[in-house]
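Asks: The chain contents come next:
Protein chains: 2
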Amino acid sequence: MELYQSFRSYLKEYINLESFIHLLVWDQSTGMPTANADYRGEQLGFISRLTHEKLVDPKMGEMLDQLIPWATTLPADSLESRLISEVAKEYEKARKIPPAFMEKFFGHTARVYQTWVKARKQNNFTLVSPLLRETLEYSKEYASYFPGYHHIADPLIDRSDEGMYVSILQPLFQDLRKKLVPMIEQIRQSEPVDRKCLLQHYPKQKQLQFIEVVLDHIGVDRSRTIQDFSPHPFMIRLAGDDVRFTTRIKEWEVTDGLFSSMHESGHALYELGISPELFGTPLMKGISSGLHESQSRLWENLVGKSREFWEYFYPKLQSVFPTQLGAVPMETFYRAMHHVSPSEIRTEADEITYNLHVIIRFDLELELLTGKLDVTDLPEAWRQRYKEDLGVDITEVKDGVLQDVHWFTDFIGGQFQGYSIGNILSCQLFDAAQQIHPSIKEEMTHGQFDTLHSWLKTNIYQHGKKFSTTEMIQRATGQALSIDPYIKYLTEKYQTIYPTLHISEE
Amino acid sequence: MELYQSFRSYLKEYINLESFIHLLVWDQSTGMPTANADYRGEQLGFISRLTHEKLVDPKMGEMLDQLIPWATTLPADSLESRLISEVAKEYEKARKIPPAFMEKFFGHTARVYQTWVKARKQNNFTLVSPLLRETLEYSKEYASYFPGYHHIADPLIDRSDEGMYVSILQPLFQDLRKKLVPMIEQIRQSEPVDRKCLLQHYPKQKQLQFIEVVLDHIGVDRSRTIQDFSPHPFMIRLAGDDVRFTTRIKEWEVTDGLFSSMHESGHALYELGISPELFGTPLMKGISSGLHESQSRLWENLVGKSREFWEYFYPKLQSVFPTQLGAVPMETFYRAMHHVSPSEIRTEADEITYNLHVIIRFDLELELLTGKLDVTDLPEAWRQRYKEDLGVDITEVKDGVLQDVHWFTDFIGGQFQGYSIGNILSCQLFDAAQQIHPSIKEEMTHGQFDTLHSWLKTNIYQHGKKFSTTEMIQRATGQALSIDPYIKYLTEKYQTIYPTLHISEE
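Those protein sequences? They're chains A and B, same order as listed.
For the record, in the first sequence the residue sitting at position 105 is 105 according to the working numbering, with numbers rising by one throughout.
For the record, in the second sequence the residue sitting at position 156 is 156 according to the working numbering, with numbers rising by one throughout.
Hints may contain errors.
It does not matter which identical chain is used: a pair holds within one copy or between any two.
[Unchecked claim] In silico DSS-like links for lysine-lysine, alpha-carbon gap of 27 Å or less:
| hint | residue 1 | residue 2 |
| --- | --- | --- |
| 1 | LYS488 | LYS457 |
| 2 | LYS206 | LYS178 |
| 3 | LYS12 | LYS93 |
| 4 | LYS54 | LYS104 |
| 5 | LYS204 | LYS457 |
Rather than coming from a laboratory, the hints here were simulated on the basis of the structure.
Using the sequences plus the hints, can you model the full thing?
Replies: Structural data, given as structure tokens:
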């Protein structure tokens, strides 16, 4: 169909514009001179506007008017049909939001961000709370452009985790919380794990040298990626063959840099695995924040923190750091990296406590949006939940409600659920892969990850955004989202570290 | 005037688009994954088209129709008047060239470049000569869109050195050649200079550490610049407060990296000195390739290779490299860096022979464009001129006509003159600054460059592209372009290295 070809050409230009946004963001975080910060904001605003205009252009509407009926005559899973419906969805969504609203909101977030930086430094919530209250109003207004939602947070969650309604997530997260809180209590009463061996001097260049070996083994294609540095590591796709990520290296801890690189590599492997037939279309991306996080967590935790992985890599790490690790048995090293300790900071949390940080934020977002909680009372609500769930005393607001940037650069609502969906899903998907290929763990002990990588590529990566999160979970695992494999994984693994650990059956 | 405000807003968007081109180019040369090369070409083509469309948009024509008469009522040197006439000129120029022509030519150059890479590797000119012949036809066609020129090369030179007609440059370059050829002959008969002290092992990190000290002294604003690495160093402006350049470091030669950094810093200082009132307009750039090169050469040669500079910095360099230079007297080091030796390669040429490389290329461009020389005979003509002017035997075409990328990525014509205009001008401008501030050289011996830098900023940098090259030379020096200061500089300086050197009076 000729029109379909014009549609693809049009989308290519749309994706070109979007690629400039990604390049500007990448550059801003890795290379840009500091004095250019304000102008970079302008550049981003300008190109975002052009991109938005390209999407909601009447020409797009005319094409869709003809293409949508045609798509119904095609197989439901065909690329053409999926692409047309995805674009139609994005088009409709973009048209529902007044451009003036988004522009005003961008201006607002720039102010909030700057104030947050100050407030955090000064450990002073009231400095930013009036602006945060405005953010809450913006967030509600955003939701109001999508009437008919079941929960006011749904349209906000939909921005990054489409189809993951509050009605699905809330019970799931409550279940998870009920399992995790007692686990933490039990661990707290066990003998603490000794982390000393990790906390020696590990020169940066040598760490990087080891990390490169690991990335090569897990299949990160160097001709299509680059790795750079930034204080908050991230991954970004600039084009089908241009996927970038950053890491950070601590000179006095040996696993943080590696796991941060493996985490971002997981995101990168997802994007690198997308089929070239989706390049230049809005399907050239991972499905959702939850599915993306499932891949970063899978490679970081299920691979990178597994005994099998270290059976192969620990001798290699020892030979890179003979003075630091030559006399440290693998078991000591392995236990050290599984040290569990409830703390204030989400990004430094271990596997067990991490999800509680997320669930607290998710619950507070819902309470704020539904009016059950006032912005003024947020620090106190935060403090209470940390005490209750993690047994942690929050004494400084900078380590409390001001710790994460999310609410201060974007809407309130939909900011955190992806992290926990990702953790839960990572186990479901890893289990599914192992059921088909029981050799995966054995292969890992030989430094081989091809079978796992291929399964993920075939079943998930190659499809880009062709399917929804729900469809994808069903296709890849034959089941719906479930916390059972995740709880099983945590329990079995951490029982080898903390022998008194058990699941509390209700 | 309200329309003028709309005009400025429109230009801001035009400059935004142009800034994306520069970011794409920068990224391509410093960070991009190799596999993205083809798509980057597409991205550049796409954004170049948008930028061109923005310039020749009927809306621009309508604005100019009203603004041009208004501009005539304003002082001739006012920003408003200069900006309107610059934009009008760019608009007219852009409208004269059919977009289809430029698009075809971009496609052509992509092919030529790839073939040139192969031809150079295989040392085989005939592989690329048919494509080069096409390039010559494209170059003539380009000129034909500007009927009324005096010399067919003029419209091509105009692209980077506006107003520098063949009628001005040819006699100037002939004069220069007549002075330089005998100088080289005299140096050839002198005792050669010993370069051994430069050619030791100088670790990269230590070289960089020294370079940073130098850049800080000459006034490169770190908050508005970054330095990266690339095999062919270059400078590029991404925005008013975002100026970037690269360098390369040779571990077995200590001056190449420094002088490459000072050269690119000279370009950067020019761009960094542009007045913020020109930001977001097409006047936010250096005037011409010749004026830009005058600044890179001034900082590289007149500052960086001066005795005064090293009086301050040599002890510092010695303390960075005590084992390599601790026992080397400054005079030995200074003489070593002024080693003159005719060779095949332009980019490695010394101060004396450099311009002959340029003049040979300039003359050959004219002969090709006027039909006096056929593309087939180019290698032989090249060989003859190198023998005649430099006494150098070109045996390999890869070190001859295939050495520079210019003709293989762009038009033939207008590619090289800027380098020699720059050399000539650097001395005129340095002399002019010294006449007003006789203390400049003395200050340099104390590592102080502020007086020089301020004079250049006030007289040249701040004005961006507000004036033409000819106007600027006149304003800053009170004279027209002249080779006399340059010849005087070379003779006086190199007489201290090669005592038999003298100017041959005709």
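Asks: None of the hints should be skipped; say for each whether it holds.
Replies: Right, here's what the structure says about each hint:
In this assembly of identical chains, LYS488 and LYS457 lie within 27 Å of each other by CA distance solely inside one copy; the values are 25 Å within and 69 Å between copies. In the homo-oligomer, the alpha carbons of LYS206 and LYS178 never lie at most 27 Å apart, since the shortest distance is 42 Å inside one protomer and 57 Å across protomers. For the homomeric pair LYS12 and LYS93, the shortest alpha-carbon distance inside one copy (20 Å) is at most 27 Å, but the shortest distance between copies (30 Å) is not. Proximity of LYS54 and LYS104 under a CA criterion of 27 Å is satisfied in both settings, with 20 Å inside one chain copy and 26 Å between copies.
Taking the closest pair of Cα atoms, LYS204 and LYS457 never come within 27 Å of each other, the shortest separation being 32 Å inside a single copy and 41 Å across copies.
Comparing the model with each numbered hint stated earlier shows that hints 2 and 5 do not hold.
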